[in-house]
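Protein chains in written order, with my numbering: chain A, 1 to 462; chain B, 1 to 494.
Keep in mind that the hints were calculated from the coordinates and are not lab data. Hints may be right or wrong, so weigh each one.
So, partial list: chain B residues that the calculated Cβ filter (under 8 Å) puts toward chain A [unchecked claim]:
id	residue
1	ILE76
2	PRO77
3	VAL145
4	ILE152
5	VAL160
6	PHE174
7	VAL182
Derived DSSO-like pairs (lysine-lysine); straight-line CA-CA distance at most 30 Å [what the hints assert, rightly or not]:
id	chain 1	residue 1	chain 2	residue 2
8	A	LYS280	B	LYS115
9	A	LYS339	A	LYS434
10	A	LYS434	B	LYS33
What you are looking at is a predicted structure, and each value in this text was computed from that prediction instead of being measured. The C-beta atom is built at its ideal place from N, Cα and C for all residues, glycine as well.
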Amino acid sequence: MTLLPELYMFLFSVFFLFLSVGKKRTSLFTAARVLALVGFFITLVCSGARGVFFAGAYQVDFFSQIFKVLLSAGFTLVVFMFEKENEVENLPEFFMFLGFSTLGLMILVSSVELISIVVSLEISSFSLYAIVPLRKAQTRTQIEAAMKYLFFGAISTGIMLYGMGYLYGMAHSTYLPDIMARLPQFLSQPLGVLAIILALSAFFFKLSLFPLHFWAPDIYEGASDATTTFIATVPKIAATALLIRLAMLASSSPAQLATVIIVFAAFSMTLGNLVGLVQKDLKRLLAYSGIAHAGYLMMGLLSFNREGNAAAAYYIAVYLFMNLALFYVVMLLSRRGEKNVTINDLSGLARRSPLLALTLAVAAFSLAGIPPTGGFTGKFFLFVTAFKAGYLAIVIIAAVNTVISLFYYLNLVRVSYSRESEELRPLALAFHEKVLCCVFNIVIIYLGLMPFGLIDLFRDAM
Amino acid sequence: MSPYLTMNPFGFPILSTVIFLPLAGVFFILFLKDGNKIKTTAFVAGLLTLAASLILFFNFDAGTPLFQFGESLAWIPAYNITYALGVDGISIMLIVLTTMISPLCVLCSWKAIEKRVKEFMICILLMETAMIGVFCALDFILFYVFWEAMLIPMYLLIAVWGGPNKDYASLKFFIYTLFGSVFLLVAIIALYLVNGTFSIPEAMFKGYSFTFQIWVFLAFAIAFAIKVPMFPFHTWLPAAHTEAPTAGSVLLASILLKMGTYGFIRFCLPIVPLASIYFAPFMIALSIVAIIYAGFVCLSQTDMKKLIAYSSVAHMGFVTLGIFTFTVYGFMGAMLQMLNHGVTTGALFLMVGIIYERTHSRQIYDNAGLGKFMPAYMGFFGLFALSSFAFPGTNSFVGELYVLISAFVRSRTAGFFAVVGAVVAAAYMLKLLKQIAWGREDKRDFKDLNVREFVYLTPLAIFVLWVGLFPAPFVRVMETTLVHLFMQLNKLSQ
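With the hints as constraints, model all of the structure from the sequences given.
Dropping the structure here:
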């Protein structure tokens, strides 16, 4: 029972592995959706499970289960958003790899030991390396993207292993609780700080945090919309979860580490937002927005206390929904998935499909952090915790960045609402597409106005 | 119930009702298709809100400086954020102003808005909810949520239904305002970390350290000075006003600008009094610069809407001048000027909208010489123009008089320059009035005001004369609160 979510995700992937041998069927989508939804409910039911496996290397606790629910929700939504039209090649394999990747991430949030962390991270990454080139359009960008992702990913894993080697050398243990307990001793030497930063590099890579952010724009641009949607959201949840787990285990607030994180966060948000200003391709823009948001997220991890961790967790939950909403607009706009959607393609959207334009507006305002959306509430929690921990500088940098980022988020809304386009063909949405749009809007505003349930849940889990 | 609130005498939460009635209207409009039904629903929702706010007004107890009709519910307990509402003498008049102006905005857009009527009316009603919310909120976060949420419909009003330069204007408006607001947010968090609560009344009249007050004041002042707008931060205003549709200009002028001065009087003075006193000379200087500079800019305008927009900068200069002179007269004058400017400038924008529907031009020359064939229009225009430069007998005279008395008490130089500004105001308004009435000889056939236009101009005209001739009822409502504020400030500054 305790391992049912992981087990189910494994069976899901194996099921599609077998399907890939057979003929292509259109019923595949329905099957994937139903099975993913079942998986989500199983994860939800199992959220009360507790247990310790493999000599303490694998912990099933409230913390891991709540993140598994988030991961599963993200996975299910991606499967639901994925349309027949923007087809990728080798459909069953695509679902299989998505499943395996989610499985790896689920294992990751339960792992508290270096080797199981590496293994689970690689399960997830390898699946992603494989699906980046699975785009139907016959351009070379997806091949380039796949190569870059593979190389950068492999290098970041290498750096992580190198750092972990140091950690083991200093702590004589691969268990996170042991390592974090010795943290104050080895953080006093420069090598200790270096070791822990290097060991975290793979997670910074997943989050696309400065200085490991540079892969994101190219991969977002090259990969198919569905793949990008997945890469942009679900792995970030697991990476955040692991960083929060580390912050939970650290007994006191290590000032040296906080300084490094502040520098990374400040650069990440500033760079992401400034470069985001000049982007034309919507997916590239979202990549830079993701880099900026990784910076905001770090503000929660600075304070090394329960409140900060809960704020970071809340932010990543909101981020999941607002990012998915924006990607959904991208997906529906590029039905055939051959070319990437540019900002100009948004013109006249409010006429062509009011609901889609509304979804875009809600998601963009949320990403910019305007009330009453979830993006504001999440950012507000981050600001409060970082300020409380005494890091006023980063709060002000983030506040200024919010204004900078508004330029390009608002631009999306402006183009879709106030610019007329030559193409006034209405964009008809199917019933389930409308439902999904409404769900995104409602969830984003709900998270903005009524955060009390979820934030309390996160505080309990931390 | 906290000691700052008095109980709500009604069996239901009256303030929430006033806030969310327009939102209920939005809900109904969502299901409507026909343009006229949508407009009617929006208008009825506006009228119901007005009725509810009048109930509030007539049950308001002018004898206490406490917040009345209080409501308080835990909202986000983890951060000690409450859903707290209440009104005092400062906010009650602004709420009534809001509920009065909003239905007029629906009326004035009846014919002018042809495309996307549904979205337009939804935006107006959302604005109304957010604006009333700003004036009622007694919790910083609740305030901030309403304050920011207001930007979205206002942005859309300009960006979708605006004039030819709407892209530039709407973007500038949004980013300028948000830039100020993020510092407001940081200041709010700073206050929370000191007080442990986001309650606004509980943050008032505390003895914070001087350095802390200085920083909080600066953060507040950026946000509010942009909103007012005070002199160096005013450049978004002419652009936004000129490009916005008539209803948008009216909402901007009548209510949005008031939020800046409301912020000064509600937050800066009671929360950071020492810093407010410290910075008062600078604020007075900026106000004077705004009054005179905007006056001279107005003299050279050829676009009616731009002229009125710049005159707003000058009028709001009088309001900030009144606030930062720190006398009861100054506060009263500022409050009255806020109401007067809301009514008069709103009315002038409506007048521009009316003539624009006929000539499709905002240029003074194109609209000149209307005196012969649009007598009713000229009658209203003349009244509002006189009111705009504070002619005795009109509302602005009372407010400006209070402000000028206070300015002379505080500093003769400031008073002198304010009087110069008032004279310049007479110069540009009379110049405009002369042009519009007699500027051209040729006869054009425009229809004079129709019934709908009469209906929405008359209440404003009545208000102009009422306050001009008998301001006592309005003064009495806010007197106790302002005197209380003054006493508290005096106590703290000694």
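> Close enough to count: is the Cβ of B:VAL145 nearer than 8 Å to one in chain A?
Replying inline: holds (4 Å)
> Going by Cβ atoms only, is B:ILE152 closer than 8 Å to chain A?
Replying inline: holds (6 Å)
> Does the nearest C-beta of chain A fall within a distance shorter than 8 Å of the C-beta of B:PRO77?
Replying inline: holds (7 Å)
> Do the numbers back the hint for B:VAL182, that is, is its least Cβ distance to chain A under 8 Å?
Replying inline: holds (4 Å)
> Is A:LYS434 close enough to B:LYS33, meaning Cα to Cα at most 30 Å?
Replying inline: holds (19 Å)
>> Given the hinted pair A:LYS280 and B:LYS115, is their Cα-Cα distance within 30 Å?
In response: Answer holds: A:LYS280 to B:LYS115 is near 29 Å, not above 30 Å.
> Is the straight-line distance between the alpha-carbon of A:LYS339 and that of A:LYS434 30 Å or less?
Replying inline: holds (23 Å)
> Would the stated hint for B:ILE76 survive a check requiring a Cβ distance to chain A of less than 8 Å?
Replying inline: holds (5 Å)
> Should the interface hint for B:VAL160 be scored as holding, given a Cβ-Cβ cut-off of 8 Å against chain A?
Replying inline: Where the cut-off is 8 Å and the nearest Cβ of chain A is about 5 Å from B:VAL160, the hint holds.
> Would the hint on B:PHE174 stand, with a C-beta cut-off of 8 Å toward chain A?
Replying inline: holds (6 Å)
The structure shown violates none of the earlier numbered hints.
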